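With chain G's structure known, arrange chains A, V and Z on it following the hints.
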Amino acid sequence: METALFYILAGLIVTFAAMTVFSRQIFRSAIYLLTTLTFIAGIYMMMEMAFMAALQIIIYVGGIVVLIIFSVFLTHKSGENIPGQPLGRHIRSGVLAALGLVLVLGVLIDYSFTPSMQAPIEATVQNVGRQMLSYTDYGYVFPFEIVSLFLLSALVGSIVIAMRSKEEKK
Amino acid sequence: MEQVPLLHVLILSTTIFFLGMYGFFARRNMLMILMSIELILNSVNINFLAFNHYLYPHQLEGLFFSMFIITVAAGEVAVAIAIIINLYRRFNTVDIEDTNTMKY
Amino acid sequence: MNVELSLLILLFLPLVSFLFLSLNGKRLSPALAGMIGIASLSVVTVLSLITAYGYFFEYGSVADVYQKLEPIKYEWLRFNENLSIDLGVLLDPISVVMLVVISFISTMVHIYSWNYMHGEERFQMYYAYLSLFTFSMLGLVVAVNMFQMYIFWELVGVSSFLLIGFYYTKQSAIAAAKKAFIVTRFADLGFLVGILLMSNGAQTLDFGVLIERLSVPSSPFTIAMSTGATFMGMSALAWGLILVFIGGAGKSAMFPLHIWLPDAMEGPTPVSALIHAATMVVAGVFLVARLFPIFAISAPDALEVVAYVGAFTALFAAVIATTQTDIKRVLAYSTISQIAYMMFSLGVAGWGEGHNEGYTASIFHLFTHAFFKALLFLGAGAVIHAVHSNEMADMGGLRKKLPITHYTFLIACLAIAGVPFFSGFYSKEAILSAAFHDNKLIYGVALFTSGLTAFYMFRLYFRIFWYKEAKADHGHGHDNHESHTWAMNIPLILLAIAAFGAGYIPFGHFVSADRSQVELPFHLELAIPPVAVGLIGILIAYMFFVKENVKALNVQQSFGAFYKWAYNKFYIDEIYLFVTKKVLFNLVGRPAAWFDRTIVNGMINGSASITAFSSESIKKIQSGNVQTYALYFLGGVLVVTSLLIYYFQ
Amino acid sequence: MIKLADIVQWIHQWLTDVLPAFWATIAANALAGIAILSLVLVCVIICVYMERKVAAFMQLRLGPMRVGKWGSLQVLADVIKLLLKESFVPTRADKILFVVAPVLVLTVSLMALAPVSFSDGVQMWDMNIGVLYITAISSLGVIGVLMAGWASNNKFSLVGAMRAGAQIISYELSAALSILAIIAMTGTLSMNELVQSQADGWWIFKGHIPAVIAFVFYVIAATAECNRAPFDLAEAEQELTAGYHTEYSGMQFGMFYLTEYINMIVVSIIASTLFLGGWQPFHIYGFTAFNQVMDYIPQFFWLMGKVFFIIFLMMWFRWTFPRLRIDQLLKLEWKYLMPISLVNLIIAALCTVMGWHF
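Going down the list, the sequences are from chains G, A, V and Z.
If you count by the working numbering, then the first sequence holds residues 28 to 197, one letter each, in order.
If you count by the working numbering, then the second sequence holds residues 5 to 108, one letter each, in order.
If you count by the working numbering, then the third sequence holds residues 57 to 705, one letter each, in order.
If you count by the working numbering, then the fourth sequence holds residues 6 to 363, one letter each, in order.
If we strip away everything but chain G, and leave its shape as in the complex, we get (with noise of 0.2 Å):
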């Protein structure tokens, strides 16, 4: 049942991936990549990583979708189609696309992995805190500390970026 479970999500975020990236409404096209995200988070539920499923609906759908969506309130009409591409432009990120596609899938169906024969860990939410504040071996605070600054600049950055100039406002 779980095996079916996954090809059916597989397939479903192969679909709305697709129609993602070939939708000419944009504001479908956001909505097909929330699903597809929203799907890509059971994987992970089945993956029995629940916390990064959560993440990815918090940060992805609540966040990232959502300002995706206001920037397409702020930028287009409600209503109307993005205007169409050439074909010749289509054709040549298809075919490059696609070869790209077969290089990679061809070299991993040749590749056999070994798993692990380890005792697993869980990703509990209190095992990854530990691990994210731990300063030992494995530990990740220093890129924690990294990230926490990264995002107070490109706080500040997306704000200077976006403020209006005073001569603006005039």
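Any given hint could turn out to be false.
Label-pair distances were calculated between CB atoms; the ranges are [as the list claims (entries may be wrong)]:
id, chain 1, residue 1, chain 2, residue 2, range
1, A, H62, V, Y703, 46 to 52 Å
2, G, T141, V, T697, 54 to 60 Å
3, Z, L24, A, H62, 36 to 42 Å
4, A, H62, V, A686, 36 to 42 Å
5, G, L160, V, S670, 37 to 43 Å
6, A, H62, G, L160, 18 to 24 Å
7, G, E107, Z, M359, 54 to 60 Å
8, G, T141, V, I677, 53 to 59 Å
Think of the hints as simulated: they come from the structure by calculation, not from any bench.
Owing to the predicted nature of the structure, the values given are computational and were not obtained by experimental measurement.
For each residue, glycine too, the CB sits at the ideal point set by N, CA and C.
For chains A, V and Z alone, coordinates are given in the frame of chain G:
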């Protein structure tokens, strides 16, 4: 989901990756490009978590990496959208090929 | 107080006051700025007097020979093991004398300017510039190193540029500042080349070592430099010295580089007194004196050039001075003439017993001239302040209105004319006797010039203070003008005392070519002709100008064309203009411009159009579109990856 | 005494006995869903009736009195009216999204009920990230609102949707920070464990100052998240007709209406679970007899009582405070609530580390 081979998960992520690639190349709308980038990032996240889950279940490294990727994606989107909004104010369009006043 | 500290304070106090005033000038009240300038310069004067006293009477002399002391020496830039630029302080008789002169005159001018410049805009900046000038001049005279001297030399040029162009809203002031700067810069080029030549020959930039190496005829450096390649019959050493002398001639306004000095009178009058009479213009004399042992011992032919240039300039300037009507210009030409006196005095001097009289005389004249010329300028400034005009025609009969100015001016005139018992008499007599011993032609020229000097100075004096009363067209009364100008009167009185008394200093005891203590000989029979000539000059001036009459006009007409020539400064400026504008521009500038436009530009345009063509053809690829780039990138990655995986495996 | 958990257990046992395992799971899930759905519907009906009555009493009037005794059947009549009305889609609207939007918001708000612990042992899904799950799922609701606003192709809808979106994602921050203050003290995200941790006293009492501040802020933020007055800018009638659901009619509108109340219930459940002890009865330390009496009230009713208390609070706000302007609203969140919540979180963490709570 032990019955699902790792390979299938990787095929899924690869497909998403190249779908995102296609979107990145083919679309001219900046928001579309941004969404394609999100797809690409997500496929990478799937890979990290899948490797973590299948190959190194005794560690949480993949989880941490994807967590940081999500964080960076959030920052990236914030800045990108700030830029897009600003460009929209200047050019009244989000088409990437119309915002070419710095060309040549 | 120890010597190093006092010297450091002496040197840097003006710099500190310059920085302080120029950075805070706007925020300070003018009075405060002036007080700061005067106070710092007074301290500098006291310190330099202390230094002079200490040097001459306490630690300077060993066995009656004054030593070259280097109390401060700091290595600044080292090029190789031989060559370095040091910064430091060199104390020897001439630099100590110069310290005293500069700081004293500068202080007088500071005090004088307090009143003279009162109410001027940028009063604070004026004081800042004065401080800067003082700093650079002090640095110049104590330089231990040719290059240090060159640095300060240029600083002196800059500050004189700033001060001449102080009234920068006046077109003529800007032109004069530019002229002074360009002409002296042009001369400094010679100086720089000279420095390079000399330092190449002697493998050092240090004055002490340089003189040591080049003033001994048997030293390998001297032999190498004086026997090597010759150019126009003179050795490399002589050319090096002549090039250095050109630098000095530029600053000291020797013919034909004198043209900037009369124009520099556009600056405020106290500035003229400080820079263009007493200190900066003697830098050239100082430079030649500094290198005098080399001149005298190793390259007498270079020294001869100095002598003839000096003598010619002296006469030339004196002739022009007799015809000018602008009082500051008269003084300017008189300055040129007097500096030339010092110059040829150095030129006629030699090395060794009996010949070094000229050297001492030159520095002596420098010393006395500083006082009376500063006094003349300050007096002229007082007159101008009262009359608001530079022209003689607007003056006359001022002796009652400006009694203090009148008497001090008279003392200065007597001093410069060489009337006995005034300082100028002693120094001039020494110069003339040196010239008489060495070169009769120069002696003759000098004697005649001395008469001319007396004539034009008294022409000036009578014309200003006697003659007829000027038309009272300056409605506002000047009657009590002097009563409240204490700051102008004090320097005048002090300088008058110095101008009278400076001659009684036994100068030979302090300054001589080989730094030993000598007695300047006094030749009564040689003193009579200049005095007689001077008195004749004064008499003629008295006849012509004590009352309004037509005698001067008659004489002037009898000279005819020559008078006109001299009045127009022998058309030197016009010749310069002709040479630069017509000859240089047409013969060099135009062809060069043509070459530049057609050949050089053509080549550049050609390469540019080739580049433009090739870029045009590949421009499409660089579309600035990141998507396209990413597409290419992915394509490249795919190709390389598949090559690596499937082909090179 | 029969506990709710025993009944649930009994039904489960019966199902597994009667049906094969696969179908038993399906049937159990279906039953649980039906139970929750009916519970929620009942609650919503009570809420709607309560809203009217509370509003009426606050304004010194009687409210609905005609349909049924005390107007008790009024809500039922409204539901029938909504069901019978035609749901139509505007011509230029994006039809799919227009139809999906109300379904999405309703689904999402119902999904948020999955990890709720209704009584000791009565829980659909005891997941270890329960609170996080609810936060995540309720953030999905914004999408439905935005979708509705965009799909309606109507400027009132669009502006209303944008306001609602901005408001919800802004206030989610301080809500989450307030939740985190309690999470820091308990060290768990599971709803069940959260309730268990309050057996010896509710967090609002145990956690003293930071918990009280967090509770107040959570209630404010929750009110805003539900787009209720005084934060009902998204549907400010005077300005925007009805906000993002202007174009909706019939049962589609009914779904939005329903969702609004379900959201209230959900946030109230979270508030009561986190701060007011969930289904834990009210105990006073040392008053054994009193505590015994309190224990006799079923846990489910304790939870419901707390939920309705908070809903009543929110209704009280609605008729007490005037509506804010949009800039005031955002200023309140970004300049006051969020910074103070952050500081509060730090204080809570400090209390936890130093053991300053009970």
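CB-CB spacing for S670(V) and L160(G) relative to the 37 to 43 Å hint: violated, 58 Å
Falls inside 53 to 59 Å, the C-beta gap from T141(G) to I677(V)? violated, 45 Å
Would you say the C-beta atoms of H62(A) and A686(V) sit inside 36 to 42 Å of each other? holds, 37 Å
Just tell me: holds or violated, for the beta carbon distance of L24(Z) and H62(A) against 36 to 42 Å? holds, 39 Å
Return holds or violated for the Cβ distance of E107(G) and M359(Z) against the range 54 to 60 Å. holds, 58 Å
Looking only at beta-carbon atoms, does the pair T141(G), T697(V) fall within the given range of 54 to 60 Å? violated, 23 Å
So does H62(A) sit 46 to 52 Å from Y703(V), Cβ to Cβ? Since H62(A) and Y703(V) have Cβ atoms about 38 Å apart, the given range 46 to 52 Å is violated.
That 18 to 24 Å hint for H62(A) and L160(G) (C-beta), does it hold up? holds, 20 Å
Of the numbered hints given earlier, the model fails hints 1, 2, 5 and 8; all others are met.
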